[in-house]
Amino acid sequence: MTDMTASAPAGRAPALAGRVKAAAILFVLFALFPPVVMLADDPFLVLIGTRILAYAIAALALDLILGYGAMVSFGHAAYLGFGTYAVAILSSYGINDIVLQMLGAVVISAVFALVTGAISLRTRGVYFIMITLAFGQMAFFFFISLSAYGGDDGYGLSQRSTLFGTQVLENDFVLFYATLAVLIGLFAICHRIVGSRFGRVLTGIRENPTRMEAIGYAPFRYQLTAFVISGCMTSLAGVLLANQAEFVSPAFMSWHRSGELIVMVVLGGIGTLAGAIGGAVAALLLEEVLGMMTEHWRLWFGLFLVLMVLFSPRGITGLVEKIGKGRS
Amino acid sequence: MTNLFVLQLLNGVQLGVLLFLIAAGLTLVFGIMDVVNLAHGVLYMVGAYFVATFASLTGSFWWGLLLMLPAAVAVGLILELVVIRRLYTRSHLDQVLATFGLVMIANETVKIVWGVSPLSVPTPEILSGSVPLMGPLQYPVYRIAIIVAGLAVAGALYLVINHTRIGMLLRAGATNRAMVSALGVDIGKLFAIVFTLGAVLACLAGALVAPILSVDTGMGESVLILTFVVVVIGGIGSIKGAFLGALLVAIVDTLGGVFGPILLRSVLDPSAAGQAGRMLAPMLVYILMAAILCAKPAGLFGGRG
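Sequences listed follow chains Y and E, in order. Per the numbering used here, residue 11 is the first one in the first sequence, and the count goes up by one each step. Per the numbering used here, residue 39 is the first one in the second sequence, and the count goes up by one each step.
Hints are not guaranteed to be accurate.
Stated by the list, open to error - Just the calculated beta-carbon pair ranges, DEER-fashion:
(1) E:T127 / Y:F37: 36 to 42 Å
(2) Y:I225 / E:W152: 42 to 48 Å
(3) Y:G301 / E:G153: 15 to 21 Å
If you're looking for bench data, these hints aren't it; they were derived computationally from the structure. Ideal placement from N, C-alpha and C gives every residue a C-beta, glycine not left out.
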């Protein structure tokens, strides 16, 4: 973290450009994915791709507060859950339009993030991690006891959301590209936020809250705003995820899921936006590959995590840089 | 009604005592070493599995309990030496990730070694059965034994922390780690002792609860989050806070689940009250935590926030 800030003033412009370039490469690869899958004649892979994209959205949103605000939120899976249940609950009342469902998810997430964020941000460090975790669990237990929607067992959706009254999202390929479009749109927004005055203040608070306060910024307001934005964005991932799985359950919001989101962000290197997207891809692919090799993939995934933290503290980005430096 | 209240209150105290055993170690690790340890719930689970294995090998719960202790010390020491020790100087984020990895490793290892089906531990002969409390009310002896054992450990912990040299170092470490280190105390050794002590207490809690719960891989998870709530409410680094927090959380959780719907029924119609009560009951402890944090951001007995 320290060496990153030390080099930041000099390398600011190239770093920004590099971030966009890396993301653009990822987006092109994503866009090429379905045609390649068509050739391989395995349409199920498109669904897995959609799942990865949806988690990439969540990881991107988490990176906004984790990487740029140093807020380690361990309850972000709750917002995934709000998104998925917004689809389930609204569609049971006949509201199938995905835009309206996203609106519902964003509103409920904003309220939850505003209230829990205001309480959590009164504290920092270890307290913040544990309190966000506890609030995440609170949401988890709420949906477990929501027996009208299956409680613990979850709730199958009768159909996917509609887009402007059409059923185009029933097609796996359309859903994939719709998810990709949301991801690209949110990346553009995050990129703008990070580069804006608001983003600079947030980064400043990350580095030294006392100094920022001394020059006249109230850290709390900026952090809370970022926290709410991040929560709302994560809920959009939930809406897409519910459509991908055509099933919702509290499992989307267990604390393991929150941990996995953090893993994705760190795997790609925190505070890089494109890294979070790459990290989501890497983490989920690793999960799929390990899952194919052994039923005890969690053992190896856990081992990988511990070793990564002990030996490559800055994630894949750090590893790539280390190798790059070694070569030059 | 009074009978139900007394019964649930005792259940609450029993859960509170167990939560205290787990939270005591966790709060010391947080307070003294400033390490977020998500793997603490795993130790509770491992303790239960140890006692289940040793009890079935020796045919006696007591031998199982006795053999569990050195095994718990070994697990604590190994964890500290291999992983936790390298995390002291790292960011909280790194600690979260590494210990999250440990949780995955431990849960999977337990599944490989002991299988996925839950184990059960027979209640020891002397402590089986129930005693009459008041009127027709009966209460299982074993649960009373848990309360007594937990309170005894709490008492011993109080003596160690307030009246011994190592306890003095622990208190000093929780208040100002850098100063203790500057005074020439071997901080590495102190940390190893703290972590191992916490591990043994968590294993003990798991071992004590094994006869009344089914021993399975999920048991550490639910307790971990409740323990976090206890530590946050009590204030990080405070044993006294952990004790009061544990009792508060456990009693609110137990009584709220039973009496919440009953209380709601006096203001709402029965079906709505039942529904609302079922949804609110599991959220009560978190609402309690939020309320306490609003008033005291550093917890009831926390020195720093």
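Here is how each hint holds up against the structure:
1. E:T127 / Y:F37: 36 to 42 Å: holds (38 Å)
2. Y:I225 / E:W152: 42 to 48 Å: violated (58 Å)
3. Y:G301 / E:G153: 15 to 21 Å: holds (20 Å)
In terms of the numbered hints stated before, the structure departs from hint 2 and from no other.
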